[in-house]
Amino acid sequence: MTELSLKQGSNRLALAQDTHITTLPDTTHSLVVDFSGEVNASLKVNLAVGSTLDMFCFNTADALEMDETYALEKDAVLNLSYGDLTIGDTKRSVQIDLQGTGSSVQLNSATLISKNTDLRYQFSHKAQHTLGNMKNFAVMVKDGNLSLYAIGHIEKTAAFSETHQSTRVLNLEGSKKAAVYPHLIIDNNEVQASHAESTGQMDEDHLYYLQSRGLNEAQAIRLMVKGYLSSVTDSITDEALKALILEKIDQKVEEIC
Amino acid sequence: MSTLHIQNLHVEIEGKEILKGVDLTVSSGEIHALMGPNGNGKSTLLAAIMGHPKYTVTQGSIHFDDKDVLAMPVNERAKLGLFLGMQYPMEISGVTNSDFLKAALNSRRTTPIPLFTFIRTLEKAVDSLQMKSDLAHRYVNEGFSGGEKKRNEILQMILLEPKIAMLDEIDSGLDVDAMKIVASAINEQALKMQTGLIIVSHYERFYQLIQPTHVHVILDGRIVLSGKSDLVNRIDTEGYDWIAQQYGVQIIKEVKTRPVTVTTLGTCAVKERGME
Chain A
8 MTELSLKQGS
18 NRLALAQDTH
28 ITTLPDTTHS
38 LVVDFSGEVN
48 ASLKVNLAVG
58 STLDMFCFNT
68 ADALEMDETY
78 ALEKDAVLNL
88 SYGDLTIGDT
98 KRSVQIDLQG
108 TGSSVQLNSA
118 TLISKNTDLR
128 YQFSHKAQHT
138 LGNMKNFAVM
148 VKDGNLSLYA
158 IGHIEKTAAF
168 SETHQSTRVL
178 NLEGSKKAAV
188 YPHLIIDNNE
198 VQASHAESTG
208 QMDEDHLYYL
218 QSRGLNEAQA
228 IRLMVKGYLS
238 SVTDSITDEA
248 LKALILEKID
258 QKVEEIC
Chain B
33 MSTLHIQNLH
43 VEIEGKEILK
53 GVDLTVSSGE
63 IHALMGPNGN
73 GKSTLLAAIM
83 GHPKYTVTQG
93 SIHFDDKDVL
103 AMPVNERAKL
113 GLFLGMQYPM
123 EISGVTNSDF
133 LKAALNSRRT
143 TPIPLFTFIR
153 TLEKAVDSLQ
163 MKSDLAHRYV
173 NEGFSGGEKK
183 RNEILQMILL
193 EPKIAMLDEI
203 DSGLDVDAMK
213 IVASAINEQA
223 LKMQTGLIIV
233 SHYERFYQLI
243 QPTHVHVILD
253 GRIVLSGKSD
263 LVNRIDTEGY
273 DWIAQQYGVQ
283 IIKEVKTRPV
293 TVTTLGTCAV
303 KERGME
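So the sequence lines, in the order shown, correspond to chains A and B.
Heads up: the first sequence begins at 8 in my numbering, then just goes up one per residue.
Heads up: the second sequence begins at 33 in my numbering, then just goes up one per residue.
Be careful, since some hints might not be right.
Output of the computed footprint for chain A on chain B, the stretches with three or more beta carbons under 8 Å from beta carbons of chain A [said to hold, decoys possible]:
{"no.": "1", "region": "63-74"}
{"no.": "2", "region": "116-124"}
With a straight-line cut-off of 25 Å between C-alpha atoms, the simulated DMTMM-like cross-links for lysine to aspartate or glutamate are [said to hold, decoys possible]:
{"no.": "3", "chain 1": "B", "residue 1": "Lys134", "chain 2": "A", "residue 2": "Asp74"}
{"no.": "4", "chain 1": "B", "residue 1": "Lys52", "chain 2": "B", "residue 2": "Asp207"}
{"no.": "5", "chain 1": "B", "residue 1": "Lys134", "chain 2": "A", "residue 2": "Glu261"}
{"no.": "6", "chain 1": "B", "residue 1": "Lys111", "chain 2": "A", "residue 2": "Glu224"}
{"no.": "7", "chain 1": "B", "residue 1": "Lys48", "chain 2": "A", "residue 2": "Asp210"}
{"no.": "8", "chain 1": "B", "residue 1": "Lys52", "chain 2": "B", "residue 2": "Asp252"}
{"no.": "9", "chain 1": "A", "residue 1": "Lys14", "chain 2": "A", "residue 2": "Asp245"}
{"no.": "10", "chain 1": "A", "residue 1": "Lys149", "chain 2": "A", "residue 2": "Asp245"}
{"no.": "11", "chain 1": "A", "residue 1": "Lys51", "chain 2": "A", "residue 2": "Glu162"}
{"no.": "12", "chain 1": "A", "residue 1": "Lys149", "chain 2": "A", "residue 2": "Asp125"}
{"no.": "13", "chain 1": "B", "residue 1": "Lys86", "chain 2": "A", "residue 2": "Glu254"}
{"no.": "14", "chain 1": "B", "residue 1": "Lys181", "chain 2": "A", "residue 2": "Glu180"}
{"no.": "15", "chain 1": "B", "residue 1": "Lys111", "chain 2": "A", "residue 2": "Asp210"}
{"no.": "16", "chain 1": "B", "residue 1": "Lys134", "chain 2": "A", "residue 2": "Asp125"}
{"no.": "17", "chain 1": "B", "residue 1": "Lys181", "chain 2": "A", "residue 2": "Asp212"}
{"no.": "18", "chain 1": "B", "residue 1": "Lys134", "chain 2": "A", "residue 2": "Glu224"}
{"no.": "19", "chain 1": "B", "residue 1": "Lys86", "chain 2": "A", "residue 2": "Glu180"}
{"no.": "20", "chain 1": "B", "residue 1": "Lys195", "chain 2": "B", "residue 2": "Asp131"}
{"no.": "21", "chain 1": "B", "residue 1": "Lys181", "chain 2": "A", "residue 2": "Glu261"}
{"no.": "22", "chain 1": "B", "residue 1": "Lys111", "chain 2": "A", "residue 2": "Glu261"}
{"no.": "23", "chain 1": "A", "residue 1": "Lys183", "chain 2": "A", "residue 2": "Asp210"}
{"no.": "24", "chain 1": "A", "residue 1": "Lys255", "chain 2": "A", "residue 2": "Glu45"}
{"no.": "25", "chain 1": "A", "residue 1": "Lys122", "chain 2": "A", "residue 2": "Asp150"}
{"no.": "26", "chain 1": "A", "residue 1": "Lys122", "chain 2": "A", "residue 2": "Asp61"}
{"no.": "27", "chain 1": "B", "residue 1": "Lys111", "chain 2": "B", "residue 2": "Glu193"}
{"no.": "28", "chain 1": "A", "residue 1": "Lys51", "chain 2": "A", "residue 2": "Asp61"}
{"no.": "29", "chain 1": "A", "residue 1": "Lys255", "chain 2": "B", "residue 2": "Glu193"}
{"no.": "30", "chain 1": "A", "residue 1": "Lys249", "chain 2": "B", "residue 2": "Glu123"}
{"no.": "31", "chain 1": "B", "residue 1": "Lys181", "chain 2": "A", "residue 2": "Glu224"}
{"no.": "32", "chain 1": "B", "residue 1": "Lys52", "chain 2": "B", "residue 2": "Glu123"}
{"no.": "33", "chain 1": "B", "residue 1": "Lys134", "chain 2": "A", "residue 2": "Asp61"}
{"no.": "34", "chain 1": "A", "residue 1": "Lys183", "chain 2": "A", "residue 2": "Glu204"}
{"no.": "35", "chain 1": "B", "residue 1": "Lys86", "chain 2": "A", "residue 2": "Asp61"}
{"no.": "36", "chain 1": "B", "residue 1": "Lys111", "chain 2": "B", "residue 2": "Glu62"}
{"no.": "37", "chain 1": "B", "residue 1": "Lys134", "chain 2": "A", "residue 2": "Glu211"}
{"no.": "38", "chain 1": "A", "residue 1": "Lys249", "chain 2": "B", "residue 2": "Asp166"}
{"no.": "39", "chain 1": "A", "residue 1": "Lys51", "chain 2": "A", "residue 2": "Glu72"}
{"no.": "40", "chain 1": "B", "residue 1": "Lys111", "chain 2": "A", "residue 2": "Glu211"}
Keep in mind the hints are simulated off the structure, nothing from the lab.
Backbone N, C-alpha and C define an ideal beta-carbon position, used for all residues, glycine too.
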């Protein structure tokens, strides 16, 4: 197990083995985690009281199997983004425990699915005044097969908490199966919760609009898929990193779509 | 010199015939006003020329010079030099205006437009329409006001330099000042490029700003009357009933369908325990 205590400001890590990460109390950190090659590992992250972590997981692995847990102390803030631009199988289980009062998580994922992809994202609200917000974007390309569990669990001890989730799946020609399982488990009455799911083809009117400006169908689809996926970079403040990710998205989309 | 030539055009949408034989010829440098009450086929004509997938042409022909427009996919029509400024421009989340416009320009070129040239061209057009300078980085029409969306349509027209441009109620949603700005940008472009224009508007004021060389009235899917710009004034004061009477046509009354609210929310907000 690799132990890593984050320093204030930017951090970068290529993850290849089991890792345990901790933050400093009342400190803001950013972390980019790169996944490449074949990865089969676990990740534990502890967010100390009052700490903020902006974390971006950049998956270009040939095959990925990750088991991730996050524990948030009082008033900790986690902004967690996943960019999955892999053409290999992906399996990821993410457990986020909002165990400190006032802790919050924003999870964004953008996933290009061309193989078997098995995702599970769970928020467990254990303390009062906790907030969880999840946004998943998935694009299914040829031979893509997706199973996605999105779970928000507000426990009895977590009054005045909020949990929200939305998942959008775009199916392109030749994709196999997209299964999304949204769950809200609510054990306290003083809470707010919502979920929204949509799955569908490319919007015909959007395609027409782009084509009416000269783009052919393939160009229009690629432009929209890039747009769909690049929304995951919206919360990234590091401009160089953002540019790098957008460039990778461009490359992958040109390659796959 | 280019000419768009429409002959005996019949168009259906979902099995219902909207256009019942339209003949229209538009050449470079001409400005054609298309008037008529809502629901009589103005937008259908423009959408059919551009190739909207929901509209089916059942009879007739559209030629651009000697090219058969109906045989072409939408993007080829655009590359040929046709442009449609839409009444309800699409909002496309995640796609920036910059990427969109670059892709549109590049679709007409063999080598990609140099970045500097693109930025300069875009800035000039943004200035001429007095739009906000952050336009390039915003998503296509997302969060735009009605007026901003219409300006964005004209911006695209300026950048793409079509030979024949069709503008569908491009003045709706614009206040008086914005209408002047947009009209002057259209006039400048039309003069510079000798663009042929087909303009759909309900407002005499807009036709004062962009003065048509030809005026047509569409009733019940046909052009029943064509004339000069004085026709605009007469319609403005007297409406369409006299034309319907004189030519023995029934004006189609637009049926407003109640918008259906689509919600993606699941039926359960609170889930029972016991799931895996």
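Between lysine 52 (chain B) and glutamate 123 (chain B), is the straight-line Cα distance small enough, at 25 Å or below?
Outside the cut-off at roughly 32 Å; violated.
Straight-line alpha-carbon gap lysine 181 (chain B) to glutamate 261 (chain A), limit 25 Å
29 Å, violated
Given the hint that lysine 111 (chain B) pairs with glutamate 211 (chain A), does the C-alpha gap stay at or below 25 Å?
20 Å, holds
Pair hint lysine 249 (chain A) and aspartate 166 (chain B), alpha-carbon separation not exceeding 25 Å
18 Å, holds
Does glutamate 254 (chain A) lie within 25 Å of lysine 86 (chain B) when you go C-alpha to C-alpha?
Roughly 35 Å separates the two Cα atoms, so the pair is violated.
Given the proposed pairing of lysine 181 (chain B) with aspartate 212 (chain A), does the C-alpha separation stay at or below 25 Å?
16 Å, holds
Given the hint that lysine 183 (chain A) pairs with glutamate 204 (chain A), test it: the Cα-Cα distance must not exceed 25 Å.
Distance ~18 Å between lysine 183 (chain A) and glutamate 204 (chain A) Cα, so the pair holds.
Check whether the Cα positions of lysine 86 (chain B) and glutamate 180 (chain A) lie no farther apart than 25 Å.
21 Å, holds
Satisfaction of hint between aspartate 61 (chain A) and lysine 122 (chain A), Cα-Cα up to 25 Å:
Violated: lysine 122 (chain A) and aspartate 61 (chain A) sit about 28 Å apart, past 25 Å.
Lysine 86 (chain B) and aspartate 61 (chain A): Cα distance at most 25 Å?
Judged against 25 Å, a Cα distance of about 45 Å means the pair is violated.
For the pair supplied as a hint, lysine 249 (chain A) and glutamate 123 (chain B), is the alpha-carbon distance within the 25 Å limit?
23 Å, holds
Please work out if lysine 51 (chain A) and aspartate 61 (chain A) have their alpha carbons no farther apart than 25 Å.
15 Å, holds
Hint check: violations occur at hints 1, 3, 4, 10, 13, 14, 16, 21, 26, 29, 32, 33, 35; the rest are consistent with the structure.
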